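The opening residue of the sequence shown carries number 1158 in this note's numbering; numbering runs sequentially from there.
All clues given are correct.
With a Cα cut of at most 30 Å, we get these calculated BS3-like pairs of lysine-lysine:
# : residue 1 : residue 2
1 : 1537      : 1313
2 : 1244      : 1538
3 : 1367      : 1537
4 : 1538      : 1313
5 : 1367      : 1387
6 : 1244      : 1313
7 : 1538      : 1367
8 : 1537      : 1244
9 : 1387      : 1491
Keep in mind the hints are simulated off the structure, nothing from the lab. This one's a predicted model, so the numbers in the text were calculated from it and none came from an experiment.
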Amino acid sequence: MKYHCLFYIVSLVFSNTGKTNGFLPNTSINVKKTVLHMNYFPGSRGSYTWNAGSSRAFPTATTTTTATLSAPPLDDNYIRAVSEELKLYMDNPSWDDGSLAPILIRLAWHSSGTYDRATGTGGSNGAGMRFATEAADPENAGLEVARAFLEPIKRKFPAISYSDLWILAAYVGLEHTGGPIIPFTSGRTDHPDETYWSGMSYGRLPAAEKYCCPYVEGNNLGNSLDASGKVVGWEGLCTHVRNEVFYRMGFDDQEIVALLCGGHVYGRCHPNFSGYAGPWVEHPTQFSNEYATDMIEDEWTLVSHGDTWLDAQGAAELRPAPGNRQFVNKQQGKVDDDEPNQMMLLSDMILAWDPAFRTYLEAYAADEARLKDDFGRAFKKLTELGCGFQ
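Starting from the given sequences, assemble the full structure and let the hints guide the process.
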(Lines of atoms letter the chains of each structure in order from A and count residues from 1; the text may use other names and numbers.)
(Lines give C-alpha, C1' and ligand atoms only; values in the text may rest on other atoms or scores of the structure.)
Protein backbone atom coordinates (compact mmCIF):
# COMPACT_ATOMS: atom_id res chain seq x y z
CA MET A 1 0.00 0.00 0.00
CA LYS A 2 2.86 2.37 0.82
CA TYR A 3 4.49 1.79 -2.54
CA HIS A 4 1.21 2.19 -4.37
CA CYS A 5 0.56 5.47 -2.56
CA LEU A 6 4.00 6.77 -3.48
CA PHE A 7 3.47 5.90 -7.14
CA TYR A 8 0.18 7.74 -7.03
CA ILE A 9 1.87 10.86 -5.70
CA VAL A 10 4.52 10.76 -8.38
CA SER A 11 1.95 10.25 -11.11
CA LEU A 12 0.03 13.24 -9.84
CA VAL A 13 3.10 15.43 -10.06
CA PHE A 14 3.77 14.42 -13.64
CA SER A 15 0.12 14.59 -14.69
CA ASN A 16 -0.14 18.19 -13.57
CA THR A 17 2.92 19.70 -15.12
CA GLY A 18 1.19 21.79 -17.72
CA LYS A 19 2.87 25.15 -17.99
CA THR A 20 1.25 28.50 -17.62
CA ASN A 21 3.57 31.35 -18.58
CA GLY A 22 6.45 29.03 -17.81
CA PHE A 23 5.27 28.14 -14.30
CA LEU A 24 3.95 25.02 -12.66
CA PRO A 25 0.28 25.24 -11.65
CA ASN A 26 -0.67 25.28 -7.98
CA THR A 27 -1.85 21.67 -8.14
CA SER A 28 1.71 20.49 -8.64
CA ILE A 29 2.92 22.62 -5.75
CA ASN A 30 0.33 21.14 -3.42
CA VAL A 31 1.15 17.60 -4.43
CA LYS A 32 4.87 18.04 -3.88
CA LYS A 33 4.22 19.23 -0.34
CA THR A 34 3.06 15.71 0.44
CA VAL A 35 6.43 14.36 -0.60
CA LEU A 36 8.82 16.90 0.90
CA HIS A 37 8.42 17.63 4.59
CA MET A 38 10.16 20.76 5.81
CA ASN A 39 10.53 22.30 9.24
CA TYR A 40 10.99 25.96 8.62
CA PHE A 41 10.61 29.32 10.22
CA PRO A 42 8.11 31.27 8.15
CA GLY A 43 8.83 34.87 7.44
CA SER A 44 7.40 37.37 5.05
CA ARG A 45 9.55 38.39 2.13
CA GLY A 46 12.23 40.81 3.25
CA SER A 47 11.75 40.00 6.93
CA TYR A 48 13.01 36.42 7.12
CA THR A 49 15.71 37.02 9.68
CA TRP A 50 17.94 35.46 12.25
CA ASN A 51 17.93 36.33 15.92
CA ALA A 52 20.86 38.63 16.60
CA GLY A 53 20.87 37.80 20.32
CA SER A 54 23.90 36.63 22.26
CA SER A 55 23.16 32.97 21.51
CA ARG A 56 23.47 33.70 17.78
CA ALA A 57 20.35 31.68 17.15
CA PHE A 58 19.10 31.46 13.62
CA PRO A 59 16.35 29.74 11.66
CA THR A 60 16.98 26.12 10.84
CA ALA A 61 15.67 23.94 8.07
CA THR A 62 15.56 20.21 7.55
CA THR A 63 14.34 18.21 4.61
CA THR A 64 13.21 14.62 4.31
CA THR A 65 13.03 13.19 0.81
CA THR A 66 10.99 10.02 0.36
CA ALA A 67 11.42 9.68 -3.40
CA THR A 68 13.53 11.00 -6.22
CA LEU A 69 11.28 13.22 -8.30
CA SER A 70 12.53 14.46 -11.62
CA ALA A 71 11.60 18.11 -11.80
CA PRO A 72 10.19 19.34 -15.12
CA PRO A 73 12.66 21.34 -17.21
CA LEU A 74 13.04 24.87 -15.96
CA ASP A 75 12.36 27.33 -18.72
CA ASP A 76 13.73 30.85 -18.84
CA ASN A 77 10.60 32.41 -17.36
CA TYR A 78 10.76 30.17 -14.30
CA ILE A 79 14.46 30.82 -13.72
CA ARG A 80 13.89 34.53 -14.20
CA ALA A 81 11.09 34.50 -11.61
CA VAL A 82 13.27 32.69 -9.07
CA SER A 83 16.09 35.14 -9.74
CA GLU A 84 13.82 38.14 -9.18
CA GLU A 85 12.66 36.64 -5.89
CA LEU A 86 16.25 36.04 -4.81
CA LYS A 87 17.10 39.68 -5.50
CA LEU A 88 14.48 40.73 -2.97
CA TYR A 89 16.28 38.73 -0.29
CA MET A 90 19.83 39.92 -0.91
CA ASP A 91 19.76 43.07 1.20
CA ASN A 92 18.97 42.00 4.75
CA PRO A 93 19.90 44.20 7.73
CA SER A 94 19.63 41.26 10.13
CA TRP A 95 22.68 39.50 8.69
CA ASP A 96 26.38 40.37 8.35
CA ASP A 97 26.98 43.82 6.90
CA GLY A 98 23.37 43.91 5.69
CA SER A 99 23.73 41.39 2.86
CA LEU A 100 23.02 37.70 2.31
CA ALA A 101 25.09 37.61 -0.87
CA PRO A 102 28.39 36.61 0.80
CA ILE A 103 27.01 33.63 2.70
CA LEU A 104 25.04 32.45 -0.34
CA ILE A 105 28.23 32.62 -2.43
CA ARG A 106 29.97 30.55 0.25
CA LEU A 107 27.13 28.00 0.21
CA ALA A 108 27.52 27.52 -3.54
CA TRP A 109 31.30 27.34 -3.23
CA HIS A 110 31.26 24.70 -0.50
CA SER A 111 28.54 22.61 -2.11
CA SER A 112 30.63 22.56 -5.30
CA GLY A 113 34.12 22.32 -3.82
CA THR A 114 33.78 18.67 -2.79
CA TYR A 115 34.16 17.49 -6.39
CA ASP A 116 36.79 14.87 -7.12
CA ARG A 117 37.72 14.49 -10.78
CA ALA A 118 39.26 11.03 -10.34
CA THR A 119 36.14 9.42 -8.89
CA GLY A 120 33.45 11.75 -10.25
CA THR A 121 32.02 12.19 -6.75
CA GLY A 122 31.01 15.38 -4.99
CA GLY A 123 30.17 18.73 -6.53
CA SER A 124 27.05 20.87 -6.58
CA ASN A 125 24.88 18.19 -8.16
CA GLY A 126 22.98 16.59 -5.28
CA ALA A 127 22.89 19.31 -2.58
CA GLY A 128 24.35 16.83 -0.12
CA MET A 129 24.68 19.45 2.58
CA ARG A 130 20.96 18.93 3.30
CA PHE A 131 22.02 15.76 5.09
CA ALA A 132 23.74 15.48 8.45
CA THR A 133 27.10 14.03 7.43
CA GLU A 134 28.10 16.60 4.83
CA ALA A 135 26.54 19.42 6.83
CA ALA A 136 28.75 18.43 9.79
CA ASP A 137 31.98 19.00 7.86
CA PRO A 138 33.78 21.60 10.04
CA GLU A 139 34.44 23.69 6.93
CA ASN A 140 30.65 24.01 6.44
CA ALA A 141 29.95 25.45 9.88
CA GLY A 142 27.42 28.28 9.70
CA LEU A 143 26.04 27.41 6.28
CA GLU A 144 22.82 26.19 7.87
CA VAL A 145 22.02 29.89 8.02
CA ALA A 146 22.24 30.24 4.24
CA ARG A 147 20.18 27.13 3.66
CA ALA A 148 17.48 28.33 6.03
CA PHE A 149 17.24 31.73 4.37
CA LEU A 150 16.52 30.00 1.07
CA GLU A 151 13.72 27.75 2.36
CA PRO A 152 10.87 30.22 1.68
CA ILE A 153 12.04 30.56 -1.92
CA LYS A 154 12.21 26.78 -2.33
CA ARG A 155 8.64 26.53 -1.03
CA LYS A 156 7.45 29.20 -3.42
CA PHE A 157 9.28 27.63 -6.39
CA PRO A 158 9.25 23.88 -5.71
CA ALA A 159 10.21 22.89 -9.24
CA ILE A 160 13.77 24.11 -8.79
CA SER A 161 16.06 21.61 -7.09
CA TYR A 162 18.01 22.60 -4.01
CA SER A 163 21.15 21.98 -6.07
CA ASP A 164 20.09 24.52 -8.69
CA LEU A 165 18.73 26.99 -6.16
CA TRP A 166 21.95 27.18 -4.17
CA ILE A 167 23.99 27.91 -7.28
CA LEU A 168 21.48 30.35 -8.76
CA ALA A 169 21.38 32.24 -5.44
CA ALA A 170 25.15 32.73 -5.62
CA TYR A 171 24.98 33.94 -9.22
CA VAL A 172 22.27 36.44 -8.29
CA GLY A 173 24.31 37.52 -5.28
CA LEU A 174 27.37 38.13 -7.42
CA GLU A 175 25.46 40.19 -9.96
CA HIS A 176 23.64 42.11 -7.22
CA THR A 177 26.95 43.15 -5.66
CA GLY A 178 28.71 44.23 -8.84
CA GLY A 179 30.38 40.93 -9.56
CA PRO A 180 30.43 38.97 -12.80
CA ILE A 181 27.18 38.09 -14.55
CA ILE A 182 27.30 34.33 -14.98
CA PRO A 183 24.89 32.51 -17.34
CA PHE A 184 22.95 29.94 -15.33
CA THR A 185 22.39 26.37 -16.47
CA SER A 186 19.71 24.36 -14.67
CA GLY A 187 19.36 20.60 -14.46
CA ARG A 188 21.03 19.61 -11.20
CA THR A 189 19.15 16.95 -9.22
CA ASP A 190 19.09 16.39 -5.47
CA HIS A 191 20.37 13.30 -3.70
CA PRO A 192 17.38 11.37 -2.32
CA ASP A 193 19.33 10.21 0.75
CA GLU A 194 22.83 9.92 2.20
CA THR A 195 23.92 6.83 0.30
CA TYR A 196 25.99 9.09 -1.98
CA TRP A 197 28.36 9.70 0.95
CA SER A 198 29.80 6.18 0.69
CA GLY A 199 32.17 7.52 -1.94
CA MET A 200 32.95 10.75 -0.10
CA SER A 201 35.02 11.92 2.85
CA TYR A 202 35.87 15.04 4.81
CA GLY A 203 38.98 16.99 3.87
CA ARG A 204 37.99 17.99 0.34
CA LEU A 205 37.43 21.63 1.27
CA PRO A 206 40.44 23.83 2.07
CA ALA A 207 41.59 24.03 5.69
CA ALA A 208 43.14 27.31 6.82
CA GLU A 209 46.19 25.96 8.71
CA LYS A 210 46.68 22.40 7.48
CA TYR A 211 50.29 21.15 7.66
CA CYS A 212 51.53 24.35 9.29
CA CYS A 213 53.50 24.08 12.51
CA PRO A 214 51.15 23.24 15.41
CA TYR A 215 50.18 25.94 17.85
CA VAL A 216 48.85 25.74 21.38
CA GLU A 217 47.16 28.81 22.80
CA GLY A 218 49.48 30.57 25.21
CA ASN A 219 52.70 29.52 23.48
CA ASN A 220 55.03 32.10 21.97
CA LEU A 221 53.39 33.03 18.69
CA GLY A 222 56.71 34.22 17.34
CA ASN A 223 57.84 30.59 17.14
CA SER A 224 55.29 30.12 14.37
CA LEU A 225 57.21 32.40 12.01
CA ASP A 226 60.39 31.81 10.06
CA ALA A 227 63.04 34.45 9.45
CA SER A 228 61.15 35.89 6.49
CA GLY A 229 57.90 36.31 8.44
CA LYS A 230 56.13 33.35 6.85
CA VAL A 231 54.42 30.72 8.99
CA VAL A 232 56.59 27.65 9.49
CA GLY A 233 55.23 24.86 7.32
CA TRP A 234 53.50 27.15 4.85
CA GLU A 235 54.82 25.06 1.97
CA GLY A 236 52.74 22.12 3.20
CA LEU A 237 49.67 24.32 3.43
CA CYS A 238 50.35 25.48 -0.10
CA THR A 239 50.50 21.88 -1.28
CA HIS A 240 47.20 21.19 0.47
CA VAL A 241 45.42 24.09 -1.22
CA ARG A 242 47.00 23.56 -4.63
CA ASN A 243 47.17 19.76 -4.96
CA GLU A 244 44.75 18.27 -2.45
CA VAL A 245 41.93 20.73 -3.11
CA PHE A 246 42.05 22.60 -6.42
CA TYR A 247 44.16 20.36 -8.63
CA ARG A 248 41.93 17.50 -7.47
CA MET A 249 38.99 19.32 -9.06
CA GLY A 250 40.87 20.22 -12.24
CA PHE A 251 41.88 23.85 -11.66
CA ASP A 252 45.22 25.44 -12.53
CA ASP A 253 47.17 28.07 -10.57
CA GLN A 254 45.59 31.01 -12.37
CA GLU A 255 42.08 29.73 -11.63
CA ILE A 256 42.98 29.07 -7.99
CA VAL A 257 44.10 32.65 -7.45
CA ALA A 258 41.09 34.02 -9.32
CA LEU A 259 38.69 31.98 -7.17
CA LEU A 260 40.30 33.06 -3.91
CA CYS A 261 40.65 36.73 -4.91
CA GLY A 262 37.08 36.90 -6.14
CA GLY A 263 35.52 34.76 -3.43
CA HIS A 264 37.25 36.12 -0.35
CA VAL A 265 36.41 39.70 -1.18
CA TYR A 266 32.99 38.73 0.20
CA GLY A 267 31.87 38.27 3.78
CA ARG A 268 33.63 37.64 7.04
CA CYS A 269 34.70 34.84 9.36
CA HIS A 270 33.00 34.06 12.68
CA PRO A 271 34.86 32.57 15.67
CA ASN A 272 31.85 30.41 16.60
CA PHE A 273 31.61 29.00 13.06
CA SER A 274 35.04 28.67 11.42
CA GLY A 275 37.13 29.67 14.41
CA TYR A 276 38.49 32.72 12.59
CA ALA A 277 37.32 36.31 12.91
CA GLY A 278 36.66 39.38 10.83
CA PRO A 279 36.31 40.48 7.20
CA TRP A 280 38.97 40.14 4.54
CA VAL A 281 38.30 43.58 3.07
CA GLU A 282 36.84 46.95 4.00
CA HIS A 283 33.77 46.53 1.80
CA PRO A 284 32.76 42.86 2.11
CA THR A 285 29.46 43.14 0.25
CA GLN A 286 30.67 44.35 -3.12
CA PHE A 287 32.96 42.90 -5.76
CA SER A 288 36.43 44.42 -6.12
CA ASN A 289 40.09 43.47 -6.31
CA GLU A 290 40.65 44.85 -2.80
CA TYR A 291 41.61 41.43 -1.44
CA ALA A 292 44.52 41.22 -3.88
CA THR A 293 45.70 44.80 -3.49
CA ASP A 294 45.51 44.76 0.32
CA MET A 295 47.36 41.47 0.62
CA ILE A 296 50.25 42.97 -1.32
CA GLU A 297 50.22 46.51 0.01
CA ASP A 298 49.24 46.20 3.69
CA GLU A 299 51.42 45.17 6.61
CA TRP A 300 50.16 41.93 8.18
CA THR A 301 50.67 40.71 11.76
CA LEU A 302 50.15 37.14 12.96
CA VAL A 303 47.79 36.98 15.97
CA SER A 304 45.99 34.45 18.10
CA HIS A 305 43.09 34.61 20.53
CA GLY A 306 45.44 35.74 23.26
CA ASP A 307 46.35 39.00 21.51
CA THR A 308 44.13 41.16 23.69
CA TRP A 309 45.98 44.29 22.56
CA LEU A 310 43.61 44.18 19.58
CA ASP A 311 40.73 45.02 21.91
CA ALA A 312 42.38 48.22 23.06
CA GLN A 313 42.91 49.25 19.44
CA GLY A 314 39.28 48.78 18.49
CA ALA A 315 39.92 45.51 16.71
CA ALA A 316 38.49 42.92 19.09
CA GLU A 317 36.53 41.47 16.17
CA LEU A 318 39.83 40.26 14.70
CA ARG A 319 40.72 37.85 17.51
CA PRO A 320 40.25 34.24 16.36
CA ALA A 321 38.98 31.45 18.57
CA PRO A 322 41.48 29.86 21.00
CA GLY A 323 44.05 27.71 19.25
CA ASN A 324 43.72 29.42 15.86
CA ARG A 325 46.01 31.90 14.13
CA GLN A 326 45.36 34.52 11.48
CA PHE A 327 46.96 37.65 10.08
CA VAL A 328 45.53 41.12 10.73
CA ASN A 329 46.29 44.55 9.31
CA LYS A 330 47.20 45.88 12.78
CA GLN A 331 50.43 46.38 14.67
CA GLN A 332 50.61 46.46 18.44
CA GLY A 333 50.90 50.02 19.75
CA LYS A 334 50.21 51.56 16.36
CA VAL A 335 46.68 52.93 16.09
CA ASP A 336 45.30 54.20 12.80
CA ASP A 337 41.66 55.22 13.12
CA ASP A 338 41.32 55.35 9.34
CA GLU A 339 42.41 51.74 8.87
CA PRO A 340 39.44 49.31 8.77
CA ASN A 341 39.65 46.00 10.61
CA GLN A 342 40.73 43.28 8.18
CA MET A 343 42.23 39.80 8.37
CA MET A 344 43.79 37.14 6.19
CA LEU A 345 43.84 33.41 6.82
CA LEU A 346 47.12 31.54 6.61
CA SER A 347 45.69 29.86 3.53
CA ASP A 348 45.16 33.30 2.00
CA MET A 349 48.72 34.43 2.59
CA ILE A 350 50.20 31.59 0.55
CA LEU A 351 49.09 33.53 -2.53
CA ALA A 352 51.68 36.16 -1.61
CA TRP A 353 54.32 33.66 -0.48
CA ASP A 354 54.28 31.16 -3.35
CA PRO A 355 56.03 32.63 -6.43
CA ALA A 356 53.67 31.03 -8.96
CA PHE A 357 50.57 32.16 -7.11
CA ARG A 358 51.98 35.64 -6.52
CA THR A 359 52.35 36.26 -10.25
CA TYR A 360 48.58 36.05 -10.66
CA LEU A 361 47.91 37.86 -7.38
CA GLU A 362 49.88 40.87 -8.64
CA ALA A 363 48.09 40.74 -11.98
CA TYR A 364 44.68 40.89 -10.30
CA ALA A 365 45.79 43.63 -7.92
CA ALA A 366 46.62 45.71 -10.98
CA ASP A 367 43.55 44.86 -13.06
CA GLU A 368 40.11 44.51 -11.46
CA ALA A 369 38.39 43.95 -14.81
CA ARG A 370 40.63 40.97 -15.52
CA LEU A 371 39.87 39.53 -12.09
CA LYS A 372 36.13 39.94 -12.63
CA ASP A 373 36.30 38.13 -15.95
CA ASP A 374 38.58 35.32 -14.76
CA PHE A 375 36.69 34.83 -11.51
CA GLY A 376 33.37 34.60 -13.35
CA ARG A 377 34.68 31.86 -15.63
CA ALA A 378 36.34 29.96 -12.79
CA PHE A 379 33.30 30.19 -10.53
CA LYS A 380 31.00 28.90 -13.29
CA LYS A 381 33.41 26.00 -13.82
CA LEU A 382 33.47 25.28 -10.08
CA THR A 383 29.69 25.26 -9.75
CA GLU A 384 29.19 22.99 -12.77
CA LEU A 385 31.78 20.32 -11.92
CA GLY A 386 30.19 16.89 -12.08
CA CYS A 387 26.91 18.19 -13.50
CA GLY A 388 27.45 16.81 -16.98
CA PHE A 389 26.46 20.05 -18.70
CA GLN A 390 29.29 19.86 -21.23
